[in-house]
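Novice: We have chain B; now place chain E onto it with these hints.
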Amino acid sequence: MIPPLNLRVLAFFDARFQSSGPLAEALGGGDPWTRALDAYPARRHHSPLLQPGKALGRYDLADAASAGRVVAVARATGIGGFVLDCHRVGGQYLTGAECLDAWCDDDFGLAFRWTPEPVAAGGDVAAADAAALMAAVAGFSPLAADGRQVLVVNEPYRLPDPAGAVALLRQAADTAGLGGLYLVATAAEARGGLLAAGFDALLDPGPAQWRSCKPAELLNGYTFLQAEAGHADGGMFDDTIMSYPQFVNSRMVDRPSRGKVFPRVVLDFADWPDHPGGGATLLASTSSVLYRRFLAGALVHVAQHFPEAERLVFIDSWNHWRQRSQIEPTTQFGSTVLDETANGIRQGGYVALTRVGEPTPGRAPGVDYDAIAALCRQIEEELSHDSGL
Amino acid sequence: MLGGVAITQGQFGAGRMEAFDFRFSLGPLSPGDLLDSATSPPGRTVWEVARRTLARVRGADAVVVSNPLLATRGARLADLLRGGEPLRCPCVLTDAETFPVAYVLPRALFDQGLGRFLCLLSANRAATDAQLLSQLTGQIVPRRQTPLKPLAPLPKITAQGYILGDNLAAWRAQCADAVRLIRTRADWRGLPFAAHHPGHAGDVLFFSLASRLVPAGHLIFQRQVVCRDYLDIFHDCGNRLDPIVLDIPPVSRTGEVSDGRYYLDSLAHIDPAVRAGTFMVYCRFSKSYSRAPFNLVDQARFALGDPVATLDDTLYRRAPVTVRRCARPPAPLRVLMQLSGGWPLKAYPARHARVLVRALAHLGCAVTVLDAPDLAADGATPATAGSTDRLAALIRDHHVVLSVDSFPLHFASQVLGHPTVAVFGPTFPGNSDAPRRAGYRLPPPALPCAPCGGYKACPLDGGPDCHNHPQPADLVAAILDVAAEAYGPAIIQRGDAA
Numbered sequence: 001m002i003p004p005l006n007l008r009v010l011a012f013f014d015a016r017f018q019s020s021g022p023l024a025e026a027l028g029g030g031d032p033w034t035r036a037l038d039a040y041p042a043r044r045h046h047s048p049l050l051q052p053g054k055a056l057g058r059y060d061l062a063d064a065a066s067a068g069r070v071v072a073v074a075r076a077t078g079i080g081g082f083v084l085d086c087h088r089v090g091g092q093y094l095t096g097a098e099c100l101d102a103w104c105d106d107d108f109g110l111a112f113r114w115t116p117e118p119v120a121a122g123g124d125v126a127a128a129d130a131a132a133l134m135a136a137v138a139g140f141s142p143l144a145a146d147g148r149q150v151l152v153v154n155e156p157y158r159l160p161d162p163a164g165a166v167a168l169l170r171q172a173a174d175t176a177g178l179g180g181l182y183l184v185a186t187a188a189e190a191r192g193g194l195l196a197a198g199f200d201a202l203l204d205p206g207p208a209q210w211r212s213c214k215p216a217e218l219l220n221g222y223t224f225l226q227a228e229a230g231h232a233d234g235g236m237f238d239d240t241i242m243s244y245p246q247f248v249n250s251r252m253v254d255r256p257s258r259g260k261v262f263p264r265v266v267l268d269f270a271d272w273p274d275h276p277g278g279g280a281t282l283l284a285s286t287s288s289v290l291y292r293r294f295l296a297g298a299l300v301h302v303a304q305h306f307p308e309a310e311r312l313v314f315i316d317s318w319n320h321w322r323q324r325s326q327i328e329p330t331t332q333f334g335s336t337v338l339d340e341t342a343n344g345i346r347q348g349g350y351v352a353l354t355r356v357g358e359p360t361p362g363r364a365p366g367v368d369y370d371a372i373a374a375l376c377r378q379i380e381e382e383l384s385h386d387s388g389l
Numbered sequence: 390m391l392g393g394v395a396i397t398q399g400q401f402g403a404g405r406m407e408a409f410d411f412r413f414s415l416g417p418l419s420p421g422d423l424l425d426s427a428t429s430p431p432g433r434t435v436w437e438v439a440r441r442t443l444a445r446v447r448g449a450d451a452v453v454v455s456n457p458l459l460a461t462r463g464a465r466l467a468d469l470l471r472g473g474e475p476l477r478c479p480c481v482l483t484d485a486e487t488f489p490v491a492y493v494l495p496r497a498l499f500d501q502g503l504g505r506f507l508c509l510l511s512a513n514r515a516a517t518d519a520q521l522l523s524q525l526t527g528q529i530v531p532r533r534q535t536p537l538k539p540l541a542p543l544p545k546i547t548a549q550g551y552i553l554g555d556n557l558a559a560w561r562a563q564c565a566d567a568v569r570l571i572r573t574r575a576d577w578r579g580l581p582f583a584a585h586h587p588g589h590a591g592d593v594l595f596f597s598l599a600s601r602l603v604p605a606g607h608l609i610f611q612r613q614v615v616c617r618d619y620l621d622i623f624h625d626c627g628n629r630l631d632p633i634v635l636d637i638p639p640v641s642r643t644g645e646v647s648d649g650r651y652y653l654d655s656l657a658h659i660d661p662a663v664r665a666g667t668f669m670v671y672c673r674f675s676k677s678y679s680r681a682p683f684n685l686v687d688q689a690r691f692a693l694g695d696p697v698a699t700l701d702d703t704l705y706r707r708a709p710v711t712v713r714r715c716a717r718p719p720a721p722l723r724v725l726m727q728l729s730g731g732w733p734l735k736a737y738p739a740r741h742a743r744v745l746v747r748a749l750a751h752l753g754c755a756v757t758v759l760d761a762p763d764l765a766a767d768g769a770t771p772a773t774a775g776s777t778d779r780l781a782a783l784i785r786d787h788h789v790v791l792s793v794d795s796f797p798l799h800f801a802s803q804v805l806g807h808p809t810v811a812v813f814g815p816t817f818p819g820n821s822d823a824p825r826r827a828g829y830r831l832p833p834p835a836l837p838c839a840p841c842g843g844y845k846a847c848p849l850d851g852g853p854d855c856h857n858h859p860q861p862a863d864l865v866a867a868i869l870d871v872a873a874e875a876y877g878p879a880i881i882q883r884g885d886a887a
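Sequence lines, in order, name chains B and E. Residues 1 to 389 in our numbering are what the first sequence lists, from first letter to last. Residues 390 to 887 in our numbering are what the second sequence lists, from first letter to last.
So that you can see chain B by itself, here it is in the shape it has in the complex (with noise of 0.2 Å):
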């Protein structure tokens, strides 16, 4: 099930799930499963992980009908393709693609995500390495933005020069014969600069990269003296917790203002697992419900001021479950989160589609929208100033 008007949402996918194969051999071996799930709450704030439901279970991606159970339900949720992380082993790439890619076709498609190196090699190093990335990213069923194979690039303010690593990646996938890359890039807002060094698009950052908003009330003066007494657990207040229907506005709100920036669309996120010691990110009183209207919303808004050929709406994710946010059944929920997601997918389908053709206000030649604005935060502060008297 594609949504019409060549919508397409993607899920970030974890690879690591198998027992064997490269990617297994290069992490050392082991369980997969024990090392996502091997975590327990310390405080009295974190929710504890999910555990996989039956329908997919703890699954072996080293295993072919595994790997296709895992895209037909993908699939018949409506996603259209997997977002792979590119692991960096030794002087090469591994994606874990090859146990996907036999069930993928143009339907369904595999994206990538880059994370570069803190300190960026220079020269021929950076070229090897850009080499060595289009090696492990070509060769599979792509999944194309503009005809174009999509490479998300993560933090890419580890790039001291954005537009030189653009072009050199543009360059290793001309030689790799990857006929072109769609490059995004994690970033908020096209102020950055990063459009202009060639990136084609970019894409909401992670709730821990980007604390869109306030943290939630509790964590008020009451909270903070209970705590101090001892009534309450400090410990929340070395973590970051997000209201959820506060995230939610906060990624959505004027977003045409922000430039050509796709929706990651996020169910829920607490990486309390990997932060032991306090730093943690949490999203708080999360729904399925405006989980379900934030994925419509974010396909509406693609489709209303995105081209047809790029019109891509990430899920974050798949199965993160390290990070509480994966979409895939589990045993205490069973699937709702999974229909849910169907459901914003049909939803946000055929609202785009009732949404065809609709101009968008204010950008019509003849009206000055800046001087309307102008003109109106000028009144605004007229009257702040009349009531203020």
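Mixed in with the good hints there might be a few duds.
[Unchecked claim] Keeping only pairs whose Cα atoms sit at most 30 Å apart, straight-line, the calculated DSSO-like set for lysine-lysine is:
(1) E:K845 with E:K545
(2) E:K538 with B:K54
(3) B:K260 with B:K214
(4) B:K214 with E:K845
Hints are computed from structural coordinates only; laboratory data are not their basis.
Specialist: Just chain E, lined up with the frame of chain B:
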């Protein structure tokens, strides 16, 4: 999920069964998707599922349809049918007690054109439903228990979205009334159906538009119950049905009296002679209408008998019926505004409203506001419509209408085809906006929190204002934009806006 099972070969105990699944759609309209209509009683869905199941199996002798209040897959339904004593047709399947789980219906019922009577099923009392089917088919209709555990107590709102409570009594009453009517009138097959959907203003408008859009072969209603307060809307919106006028105030919006209770109470205020010759169908809200993304006009069309089976059938794929323009000279640009709606949270925030009016006045526009005398201090001319005639005159006297999700918006955009800017905040635009056309703008609400269901206060921050309303600058721009489109760019070439 709704189940439908087609049974072929006539020998019902050994017949061949083919099971199908249907679902209430959240967007797509494939053969397995039903348009989710809040204004349809459960019986309307039974009819639709039966119709579609029989269409898939042309030679079927009977069809079994699950109770729409329950989530039942076709395969589960088929399992319930197997085993036990031979299945009789027609009959009503119940749980281990008396709650109806499914209806076994003969094809002949549909061949004789009686399918529409299924709209009258109670869907919650097997005995009454069995009596109705008995009257329709002329046969004794047994109730057959299945091994399904007792369903009671049901939740207040089912997983399929049905709001139970007083609605259960309303559905039972419509069914019992229908049984009485069939028993007492030999000519019952020709008696009219009346949709009980008496208010509010916008609802009457949507039903009126729907009555015009339903193809003649599908329209099963001939009458509609409407409050006298809204009779002018009923007529001025070109409703094709005959009104049954209700001389009581419309149902309260605060929820003090539920739709179901209002239905029951209102029956006493309808002329007994009319009731003695009309099948009354409960068409107020059986569900929350904002659960589905579909326009209320399409939801009403489904209620009135139109299957609205594909996306091409929906309102958004239809060309606008009328397009009208203000005949006044272009200067000054005249803007009519309605900034308050049916409940407090719909109102455009007062502070933003002041900015909006002042900005338009600054740009040389003449602004008239309905029902907001306070804005006179900011340069607007207050006005009151009172009737649709007066409102239509006011609209024609202005170049552009800007309105929150309220009757004047729907009247201007969908009935008159006037240049309009729609302002949505706490409600979902897809439920009640107009199809895209030149001369219509919907500045998109920014947040995904709508529809929030908030009445007086924002569910997020508890404040009295909805933050999802577009900013004043967006609305000013949209007004100038739509004016330029409707009347030519010259109309905004004056003042500071140009």
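Novice: Quickly compare the C-alpha distance for K260 of chain B and K214 of chain B to 30 Å and report which way the hint goes.
Specialist: holds, 24 Å
Novice: Taking only the CA atoms, is the gap from K214 of chain B to K845 of chain E under or equal to 30 Å?
Specialist: holds, 25 Å
Novice: Between K845 of chain E and K545 of chain E, does the CA-CA distance stay at or below 30 Å?
Specialist: holds, 23 Å
Novice: Against the 30 Å threshold, does the CA-CA distance of K538 of chain E and K54 of chain B hold or violate the hint?
Specialist: holds, 25 Å
Violated hints are absent here; each numbered hint is respected by the structure.
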